[in-house]
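Asks: Residue-level listing of the chains:
Protein chains: 2
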Amino acid sequence: MIRNVVVGRVREGVPAEQVEAAIQALRDLTVEGVEFRLVGGQDRGLREGNAHFALTADFVSEEAYRIYDADPEHNRIRRELFAPIAASIDRIQFALPDGG
Amino acid sequence: MIRNVVVGRVREGVPAEQVEAAIQALRDLTVEGVEFRLVGGQDRGLREGNAHFALTADFVSEEAYRIYDADPEHNRIRRELFAPIAASIDRIQFALPDGG
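The listed protein sequences derive, respectively, from chains X and V.
Position 91 (the first sequence) corresponds to 91 in UniProt numbering; numbering is contiguous.
Position 66 (the second sequence) corresponds to 66 in UniProt numbering; numbering is contiguous.
The set of hints was computed from the structure by calculation and includes no laboratory data.
What you are looking at is a predicted structure, and each value in this text was computed from that prediction instead of being measured.
Every residue gets a Cβ at the ideal spot worked out from N, C-alpha and C, and that includes glycine.
Incorrect hints may have been included.
Stated by the list, open to error - Quick look at which bits of chain V chain X covers, simulated, 3 or more residues with Cβ under 8 Å:
1. 16-22
2. 27-41
3. 44-51
4. 58-72
5. 83-93
With the hints as constraints, model all of the structure from the sequences given.
Replies: Written as structure tokens, this is what we have:
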């Protein structure tokens, strides 16, 4: 299994509701033929200097992740909802231990 | 529940084995009185420009996370194993949906 991790920082003045709407769009995203479990949210303010939002999504295989990554609706959400609010976005995919 | 997410990039020339050893030290970490599930790994190379390593750790409460965050052995691992290899580290904690 593969865990995709996205961590982002938002531009000055972006309201929390707008960040939440972008995250919710990904929570609601379905991709034909790909099962995945996505959770995400905004920083809880427990430490200084934290990033502002994060998403993690678990996939059964690298191939499943690639289909998700290339999905048109996923990329529309990236373009229209995340690109306008993000000052920076960092991504990584790593292997989960067997049994995820 | 709270998910702690850490995403990092390593300095030029740091061998993968050294990164793996640092991650393994956190996999092996136990913190008295705090149950948590930590998974982590190095980037699988599925996309250009990805970060190099990531960790996610799930806690039952913000308080549990705070104890983990302040734990002496955890901070030794940070100082001795991660600080020397990391060019950058970004962190965030967000709330998991009920039933995590």
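Asks: For the region 44-51 of chain V, do three or more residues have a beta carbon lying closer than 8 Å to a beta carbon of chain X?
Replies: Three-residue rule met by the region 44-51 of chain V, so holds; n is 6.
Asks: Within the assertion that chain X covers the region 27-41 of chain V, do at least three residues meet a Cβ-to-Cβ distance smaller than 8 Å?
Replies: holds (count 3)
Asks: Would you say the region 58-72 of chain V counts as covered by chain X, given the rule of at least 3 residues with C-beta under 8 Å?
Replies: holds (count 4)
Asks: Can you confirm whether chain X covers the region 83-93 of chain V, using C-beta to C-beta distances below 8 Å and requiring at least three such residues?
Replies: holds (count 4)
Asks: Taking 8 Å as the Cβ threshold, is the statement that the region 16-22 of chain V is covered by chain X upheld or broken by the three-residue rule?
Replies: violated (count 0)
Checked against the numbered hints listed earlier, the structure breaks hint 1 alone; every other hint is satisfied.
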